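full-length UniProt numbering applies: residue 1 is where the sequence shown begins, and numbers increase by one.
Worth flagging that the hints you see were computed from the coordinates, not collected in a lab.
One should not assume that every hint holds.
Stated by the list, open to error - Ranges of calculated distance between the beta carbons of each label pair, as one might list FRET restraints:
no., residue 1, residue 2, range
1, Thr4, Ala117, 23 to 29 angstroms
2, Arg120, Asp87, 25 to 31 angstroms
3, Thr3, Ala117, 20 to 26 angstroms
4, Asp74, Pro41, 24 to 30 angstroms
5, Gln76, Thr126, 19 to 25 angstroms
6, Asp102, Arg43, 35 to 41 angstroms
7, Ile98, Asp5, 15 to 21 angstroms
8, Phe17, Asp102, 28 to 34 angstroms
9, Thr8, Arg120, 27 to 33 angstroms
10, Ala121, Ala29, 33 to 39 angstroms
What the hints assert, rightly or not - Within a straight-line C-alpha distance of at most 20 angstroms, the following computed DMTMM-like cross-link-like pairs (lysine to aspartate or glutamate) qualify:
no., residue 1, residue 2
11, Lys92, Asp57
12, Lys92, Asp60
13, Lys92, Glu80
14, Lys92, Glu18
15, Lys92, Glu21
16, Lys92, Glu33
17, Lys92, Asp5
18, Lys92, Glu50
19, Lys92, Glu12
20, Lys92, Glu47
21, Lys92, Glu113
Bear in mind the structure is a predicted one, so any value in this text is a computation, not a measurement.
By construction, the Cβ of each residue, glycine as well, lies at the ideal position given by its N, Cα and C atoms.
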Amino acid sequence: MNTTDVLTAVAEHLGGFELNEPVQVTVRALRSEPSATVQLPGRSLPELAEELLAWADTLDNVTATVWRPHWPDDEQLHLEVRGDFTDNTTVKVFGGLINGPDVPGLGYGCRIELSWARLRAWASLTGEVAA
């Protein structure tokens, strides 16, 4: 699989489902492990969670994680789903938030599994404070 194949897989996926436009797409076209990384805008927690759930519904073998960068003076939080397109191209879809919600057990430089229930709860927030 080459770069064009991976980009085509991403474009076809975006065209085949009602997904919001990403802000960035990066591809890795190694023959043994073709993959794409799709970055979503980090507008708000509910919007990002909703967009990630929409992506999760279109992928196979999906997992969700939340992670925090290594630097302790920054309150960034990243939400991410990983899965496969139907052609087995792996895709990582993520977005970052400044001053994201408090997640127990998530220290700086840590990544933990994110439950679908929590992601759905965040998606349902409208004007509320996330906990």
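Do the hints match the structure? See the list:
{"no.": "1", "hint": "Thr4 with Ala117: 23 to 29 angstroms", "result": "violated (39 angstroms)"}
{"no.": "2", "hint": "Arg120 with Asp87: 25 to 31 angstroms", "result": "holds (28 angstroms)"}
{"no.": "3", "hint": "Thr3 with Ala117: 20 to 26 angstroms", "result": "violated (37 angstroms)"}
{"no.": "4", "hint": "Asp74 with Pro41: 24 to 30 angstroms", "result": "violated (18 angstroms)"}
{"no.": "5", "hint": "Gln76 with Thr126: 19 to 25 angstroms", "result": "holds (23 angstroms)"}
{"no.": "6", "hint": "Asp102 with Arg43: 35 to 41 angstroms", "result": "violated (20 angstroms)"}
{"no.": "7", "hint": "Ile98 with Asp5: 15 to 21 angstroms", "result": "violated (35 angstroms)"}
{"no.": "8", "hint": "Phe17 with Asp102: 28 to 34 angstroms", "result": "holds (32 angstroms)"}
{"no.": "9", "hint": "Thr8 with Arg120: 27 to 33 angstroms", "result": "holds (31 angstroms)"}
{"no.": "10", "hint": "Ala121 with Ala29: 33 to 39 angstroms", "result": "holds (37 angstroms)"}
{"no.": "11", "hint": "Lys92 with Asp57", "result": "holds (14 angstroms)"}
{"no.": "12", "hint": "Lys92 with Asp60", "result": "holds (12 angstroms)"}
{"no.": "13", "hint": "Lys92 with Glu80", "result": "holds (7 angstroms)"}
{"no.": "14", "hint": "Lys92 with Glu18", "result": "holds (18 angstroms)"}
{"no.": "15", "hint": "Lys92 with Glu21", "result": "holds (15 angstroms)"}
{"no.": "16", "hint": "Lys92 with Glu33", "result": "holds (13 angstroms)"}
{"no.": "17", "hint": "Lys92 with Asp5", "result": "holds (17 angstroms)"}
{"no.": "18", "hint": "Lys92 with Glu50", "result": "holds (16 angstroms)"}
{"no.": "19", "hint": "Lys92 with Glu12", "result": "holds (16 angstroms)"}
{"no.": "20", "hint": "Lys92 with Glu47", "result": "holds (18 angstroms)"}
{"no.": "21", "hint": "Lys92 with Glu113", "result": "holds (14 angstroms)"}
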